Amino acid sequence: MPVIECKELTKSYGKHIALNNLTLTIEEGASFGLLGENGAGKSTLVRLLMGFIFPTSGQIRVLGEERVSRAHARVGYAHERPIFETRFSGRSYLTYLGKLAGLWDTANSTRIHEVLEQVNLQEAADRPTGTYSKGMLQRLAIAQALMTNPQLLILDEPTSGLDPRSQWEIRQIVASLRKQGKTVLLCSHYLAEVEALCDTVGILRRGELILSGAVADLLLSQDVVEIVLAHDQSASAIVARLDIGEQVIEALGNILRIPRRQQSTLLARLVDAGIDIASLNLLSRTLEDVYVQTTLTADNDVSSTLSSGAGGQGGKP
Amino acid sequence: MSMKSFETQPTSALRISQALKDFWRLPSLTVARFTLLSYLRSGWILGDIAIVWLLYAAFFLEFGGNVAYFFGTTGQGLGALAILGTIVMVQRAMSARVYLPLSRLTSRSAYIRGLVIATGVLRFPLYLMMMLLGMGFHTHAPSWGIQGATVTNMLVGSVGLLANCVVISTLVVVFSAPIATRLARIALLAWFAAVLYSNTSLGPLASFLSISRLPLIPMTACFNFGAAGSIGWPGVAALLIMALYVVGLTMLGEYWLASRDLILQ
Chain A
1 MPVIECKELT KSYGKHIALN NLTLTIEEGA SFGLLGENGA GKSTLVRLLM GFIFPTSGQI
61 RVLGEERVSR AHARVGYAHE RPIFETRFSG RSYLTYLGKL AGLWDTANST RIHEVLEQVN
121 LQEAADRPTG TYSKGMLQRL AIAQALMTNP QLLILDEPTS GLDPRSQWEI RQIVASLRKQ
181 GKTVLLCSHY LAEVEALCDT VGILRRGELI LSGAVADLLL SQDVVEIVLA HDQSASAIVA
241 RLDIGEQVIE ALGNILRIPR RQQSTLLARL VDAGIDIASL NLLSRTLEDV YVQTTLTADN
301 DVSSTLSSGA GGQGGKP
Chain B
1 MSMKSFETQP TSALRISQAL KDFWRLPSLT VARFTLLSYL RSGWILGDIA IVWLLYAAFF
61 LEFGGNVAYF FGTTGQGLGA LAILGTIVMV QRAMSARVYL PLSRLTSRSA YIRGLVIATG
121 VLRFPLYLMM MLLGMGFHTH APSWGIQGAT VTNMLVGSVG LLANCVVIST LVVVFSAPIA
181 TRLARIALLA WFAAVLYSNT SLGPLASFLS ISRLPLIPMT ACFNFGAAGS IGWPGVAALL
241 IMALYVVGLT MLGEYWLASR DLILQ
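Line by line, the protein sequences give chains A and B. So the first sequence is numbered by my numbering: it starts at 1 and just counts up by one. So the second sequence is numbered by my numbering: it starts at 1 and just counts up by one.
Because the hints were derived from the structure by calculation, they are not lab data. Mixed in with the good hints, there may be bad ones.
[Unchecked claim] Covered by chain A, according to a simulated footprint, are these stretches of chain B (three or more residues, beta-carbon under 8 Å):
#1 74 to 81
#2 88 to 97
#3 100 to 108
#4 252 to 265
Here the structure is a predicted model, which means the values were calculated and not measured. Heads up, the beta-carbon is just placed ideally off N, CA and C, and yes, glycines get one too.
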C-alpha cells in the first residue's frame, strides 16, 4: 500500500518553480532517502507532505488522505531546525504536543517515558530546552515525532550540523525505527547516511526528480567492470575496431571500463574477436558516485539543451 | 420513581464532568493555555505589567478622578496595550516553532482559536490590576478610591471595557502576519485612516467617509457603559454585536490561515 503518492506535483512561488511535475510513490515499510543540494526542492516537498504549503498543481496523498493534515495523527515529523520553547523542559514540551495529539493523563506520561527512552534523553528531560545541545534538540525533535507511534516518519535533515557522535546517535535511532517497520522519509545531504539507512532513494535537482529507485539496483547499475587487456593492447584501438564506443565508459591505455550490466555482452564480443584479457576487476560504486554521476549527467543535459537552443536562436552553423 | 432519579443523578454528574473535561481538553484551549504560559515565562508579561503601572502613575496617582474619567482613560490605555501585547504574542506564536504544534493538529483552526482565546483572556488580569490600582491610593482628595464608584457602575463599565479590549486583540490576531495577507492589512489601515479622517475633519469627503464609523458604533456604546452606569437593551445589543465581531473575525482568520502557505523562519 502506498504511504505517499505524488502525481505530477508542481509548486511554484511566483515565477520560481520549486518543484516541477514530480511523480513519486513510497510504499509502506520503505525507507526512502531524498537527496538533493540546497534549493533542490526537498524542503518544499516535505512542507507539501505536511500540508504547510499547498500544491500549485498535481495531486498529493499521504496515508490515503488527499487533505494531508487529516493524516497528521499517523505521521511523525521532525523539522530540519527544531525550534522549541527555550524556557520549557523537554518533558513539558512533549506533554503539550501529546495533548494536542489527544494523549492525556497516564497515556501522555507513559508515552513520553517511552519516547524519551527511545532517544536516550531521560536524564535531560526536565531541563529547559534552552540548555540542550544541538544533538539533544534533534533527539527531542525525533521524540516528539514518535509521540503518536506514527506509521510514517518524515525526518528533514535530522543530522544536519551535528558532531559525528550526535550524527551516529541519530542514525542509530533511525535504524531502530526501520527495524520496527516504520515507513521513513529521510531528507539528507549525507550520502553515506542515506546509503546506510535507506532502501530506496530519489535525487531531486532543481525541483525535478532526476533519479529514483532501490539503492541496491542503483549501485549495481553504476558498478563498473575494469578489463585489463593482455600484451599492452591499445584499448581505444579495440573500441574503434569493434565499434563499441557507446557501451564503454572509458578506454585508457590497455584498460577498458564498462558498465557492469554490459559485462556479458562486451566480454563475448572481445572473446569472439580473439582479444586476450589479462584480468577483470569489479569496481563497486557508492551512492556518492551515483549521485555525482546523475547530477553531472543532468547538468550536461541542461547545458547541451541550452547550447542547442542558443544555436537555433543565434543561427549557429 | 425516586429510585430512578437516584440512579440518574450520578450519571448526569458524570456526563457534566465528562463534558467539562472534554471542553478543557479542546485543542484550541490547549493551545491557548500553552501560549499564555509561554508568554508568561518569556518575560513579556512584565512589559504589560509595566505599562499598566505607568498608566496608573500617569493618570491616576496624581489626579484620582471619577468613574467616567477612570473608564475613559483606562479604555484607551488598555486598548493600546491590547494592540501591543497581542502583536508580541502573535509574533512569538507564529514563528517556525508553529510547525510542530501544527503537525499534531488536523486543522489550523484550533491554533488560531487558541491565539484569540489567549490574547483575549490576558486582558482580564491586566484590567483587574488596573482597576485595583485605580481604586487604590492616589494623592488627589479623597486620597483613595474612584469618585462615584459603585459596584453596579464599575461592573457595567468593566464589561464594556473588556468587550472592547477583546475585540481589539482579536482584530490584531486576525490581521497579523502570516494570517492576513498584505492586501488585507492595507485595507484595514485604509479603513482606520477613513475613520480618523471622518472623525477629525469637516467637508463632504469627511461626511461621506463617516459611514466607515458605522462598525464602531457598538464599541462606542461599550466605551460609554462606565460613564452611563447602566447597559440597557441597546447596550445588550451592542454586546451581542461585539460577540459576533469576535466570532466573525476568528472565522475570517481561520479561513485565511487555512489557505495560506506557511513558510516561517
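Report task. Would you check chain A against the stretch 100 to 108 of chain B, counting CB to CB pairs closer than 8 Å, and say if three or more residues qualify? Result -> Held - the stretch 100 to 108 of chain B has 9 residues with a Cβ nearer than 8 Å to chain A, which meets the minimum of three.
Requested in this report: Tell me if chain A covers the stretch 74 to 81 of chain B under the three-residue, 8 Å CB rule, please?
Outcome: violated (count 0)
Query raised in the report: the stretch 88 to 97 of chain B covered by chain A? Criterion: 3 or more residues, Cβ-Cβ distance below 8 Å.
Result: The restraint on the stretch 88 to 97 of chain B holds, since 3 of its residues have a Cβ under 8 Å from chain A and three suffice.
Query raised in the report: For the stretch 252 to 265 of chain B, do three or more residues have a beta carbon lying closer than 8 Å to a beta carbon of chain A?
Result: Holds, because 4 residues of the stretch 252 to 265 of chain B bring their Cβ atoms closer than 8 Å to Cβ atoms of chain A.
In terms of the numbered hints stated before, the structure departs from hint 1 and from no other.
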